[in-house]
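Dock chain E against the given chain U, drawing on the hints supplied.
Residue-level listing of the chains:
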Amino acid sequence: MENKWRFLKEKSAPYLLLTPFVIWFLIFFGYAFIRVLFFSFTDYDLFATPRFVGLSNFQGLFREFLFARALKNSLTYAIIVTTFQTIGALILAVVLNYKIRGIKFFRAAYYMPSVTSSVVITLIFIWLFQRKGVINYLLTLFAQYRLLIWVFLIFFLISQTLLVLKEKWRQRPVSIFEPSYVVLSLLLAVVITFLLKTGGFISILTVQPLETIWLNTRETTPNWAGSLAFPRPLAAIMFLNIWTTIPTFMLLYLAGLQDIPLSLYQAAEVDGASTVQKFWYVTVPQLRHITFLVVTMGLISTLQMFDQVAIIGGQAPQESIITLAYYVYVTMFPRSAIAEVGMASAAALVLAVLTLIIVVIQQRVTGERRYKSE
Amino acid sequence: MSELSSNQQSQVELQFRIRRKRWLNVGAVYLILILISFLFMGPFLFGAISSLKDNPTEWPPTIQTAQLSPRNWLGAFNLARQAGSGGLFGQFKAGKMVQLKVTYRFPAGHEVVLPEVSIPVRVAGSGQAALDLTQKYAADYLEVSAVEEIKRWTEGGAIYAEYQIMISNPSHFNFDIVPLNLKVPYQVEFVQGTLTPNNIERLGMVQSWKNISSGLIPYIFHNYDRVFNENYSRSTGRSLFLSWVLNSFFISIMRVITTLILAAMAGYVLARLKFVGQKLFFVLILFSMMIPAQVTFISNYLVLRDGVFGLSKMFGVNSLLNTFSGLIIQGMVSGSAVFIMKQFFAGLPRSLEESACIDGASTYQTFFKIMLPLAKPALGALTILTFQGTWNDFFMPLVIITSPMDKFPLTVGLLSFRIMYGAAGMAWGPILAGAIISALPIIILFVVFQKYFVEGISFTGLKG
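From first to last, the protein sequence lines are chains U and E. Under my numbering, the residue at position 79 of the first sequence is numbered 133, and the numbers go up by one with no gaps. Under my numbering, the residue at position 90 of the second sequence is numbered 1425, and the numbers go up by one with no gaps.
No lab work stands behind these hints, which were simulated from the structure alone. Mixed in with the good hints there might be a few duds.
[Said to hold, decoys possible] SDA-like mimics (lysine to any residue), calculated; alpha carbons at most 20 Å apart, straight line:
#	chain 1	residue 1	chain 2	residue 2
1	U	Lys-58	E	Gln-1700
2	U	Lys-220	U	Ser-234
3	U	Lys-65	E	Gly-1695
4	U	Lys-153	U	Ser-234
5	E	Lys-1356	U	Ser-213
6	E	Lys-1356	U	Thr-215
7	U	Lys-186	E	Val-1643
8	U	Lys-126	U	Ala-391
9	E	Lys-1436	E	Glu-1483
10	U	Lys-153	U	Leu-408
11	U	Lys-153	E	Ile-1353
12	U	Lys-220	E	Ile-1353
13	U	Lys-186	E	Phe-1379
Computed from a prediction, not measured in an experiment: that's the story for all the values here.
The following block holds chain U by itself, in its conformation from the complex (with noise of 0.2 Å):
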């Protein structure tokens, strides 16, 4: 008897270790999208028993303004931000690929954005883009020294030429980014623009402090773009998370970088490979599975995003800055008015509808590679 039991605790040992999590995540992922996908065919208000609607919900969502501004808000967020933040990262990896000493503290000072919360971040943000914000000012001062700008800029760019025409002609070997010659450019091009300012021939500007409205407007940036432009507000979120992204994909490009056989780069060395060259003939095409899963899992997290929205709040007009996700969670919770759980449940589906589908396709290309490896 006593045997019996013994057996049957070993047996169910592995079951009871799992229930836990088993029941956990019925409840709070199962259960919770099968109720999603049942709301969003009734018009529940969170009191009312639920009555089935059909598909009003949905027809009901692309009849509204604001879900369109929503969609269309989070979708050019998404691609934006993940299109710069994939080159960003792609950059700043191979910049801290160098192995010299102290690049490790250099690696942890740009993963910082990544660690905080966006709350802290997006306070901060907020701050910098006030109208008498540093942004501003950075702008303005910008403004003031663009004379002195351009011409540090164009005799840089004389001394470079020049330096590497130079090599040229003797028939030795250079890239065009010599480090050593730009910092040789560098220096000669402070030295003119500091002679050419005292000699009082060039001048900082006198401008007016530039009070650009970024959050509280319902302009659209970039002027040019017409209908394709973006609210301002939104620009500035873009660029916040761009900031605090970039340094989360770094990391996956590095150790992608890391990967890389030395040999490639040597066979392009003696084949007479330019550093652009080498970086756009192996680097790029060798990251490519990395750059695969950083553009997905980009996409994933920016139609994903609320946290800045909510923040920013009534600091910007809502119609310029809603997302899919907070869209979502205004129906759910309105402020002043009965809660419509149905159209909630139904934008919700559109925005898991939506991950869905890149999730799919990450999986099949990746699942594809792997069966083509084996």
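Frame of chain U; chain E shown alone:
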């Protein structure tokens, strides 16, 4: 012979050129790295510096603030010492007297007059603190005992005069806050003083100090002081911000504990057990990691409202909304945590369990005595990641905890801060100070356990 030496010479020269070039290259890389680190650290550093300022939105923005000048540190320290307390934390003690020196510049031809000195009534904060009628104000008890000119000199046509102001406390009470106002005629300029005034108002005519006897630490961190001491809960009378910090710690630690236990158990079984529909289950877990909380919260909100199908009624609670238990139960484990543990256990050799089995150990004994101790690295990474995730979590607390305010975690509290201080023309000082405080624990954690953060990223890819 001479040919050889010239050859050697050119060799040396070549060596020198190569070395010089290498140094320049390294220099260029460091330059780029430093420039980029300004881009990524700049907003934090400048935010941290500005959180000390009286007016963080001053124009033009500078990094030279009165709170960071050693002269003012000395002034604040000495004033607090004269007021009868230690210099670091001040209080104006009974029977004490402090001496403040200020210098004014009178334009040529302007009559030199003494500044008008007054101690105003200033009510700090909002809520319960502001309604406390029993509070005693320094204005009603303290006296300005003397205002004297001690020095006068001319420079560039203008007259400079230095005054000495004595303020005494003849009463039997100690005062925490002693504000001070000085008023001079139009066009008279404030040059310097023992302590730089917090505000210069009315076209430079009024210089005001928030608290002359605050002591060194509250002087430098006055916005941080405001964060903790300006907002009190209406129900418990405790500092709101302190409650938020403690709540965040409590919720994060609880969630770390539940996640570690549940994820380790489930991860172990999933790594070892074969069952029907396993592949589908993994796909579902993967989906749950991708699907945003904004989809599932609709049902989860209702589940918690109804006390998880009425189960909470067994503990005498009708609804789990606005409770920490609700927040902890909803997030007590996550798909990604189980995934991390599963990956780790799958990498351990099976021979460990086989030998345990031969020794007659049960599944539980094998798991708790052998496998769990081996999983320390993964559990460490999971602890850090879960703590960070919960500390930074904003959306679910926003949904689940809406009132009272002293139950908020830090993230939701900061949002209410934004709304509270945003109403009165945006007092950015306390908002920035609050943000910096709430970022600190995670930054410290990051500096200490850097490698776990990096490991976590490569495990999950994580959302921004």
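Status of each hint after checking the structure:
1. Lys-58/U x Gln-1700/E: Distance ~19 Å between Lys-58/U and Gln-1700/E Cα, so the pair holds.
2. Lys-220/U x Ser-234/U: holds (14 Å)
3. Lys-65/U x Gly-1695/E: Roughly 14 Å between the alpha carbons, so the hint for Lys-65/U and Gly-1695/E holds.
4. Lys-153/U x Ser-234/U: Holds, at about 17 Å.
5. Lys-1356/E x Ser-213/U: holds (17 Å)
6. Lys-1356/E x Thr-215/U: holds (18 Å)
7. Lys-186/U x Val-1643/E: Measuring from Cα to Cα gives roughly 49 Å; hence the hint is violated.
8. Lys-126/U x Ala-391/U: At roughly 25 Å apart (the allowed maximum being 20 Å), Ala-391/U and Lys-126/U break the hint.
9. Lys-1436/E x Glu-1483/E: It holds: about 10 Å lies between the C-alpha atoms, which stays within 20 Å.
10. Lys-153/U x Leu-408/U: violated (41 Å)
11. Lys-153/U x Ile-1353/E: Holds. Lys-153/U to Ile-1353/E sits at ~19 Å (cutoff 20 Å).
12. Lys-220/U x Ile-1353/E: Given pair Lys-220/U, Ile-1353/E holds - Cα atoms ~18 Å apart, limit 20 Å.
13. Lys-186/U x Phe-1379/E: holds (18 Å)
Hint check: violations occur at hints 7, 8 and 10; the rest are consistent with the structure.
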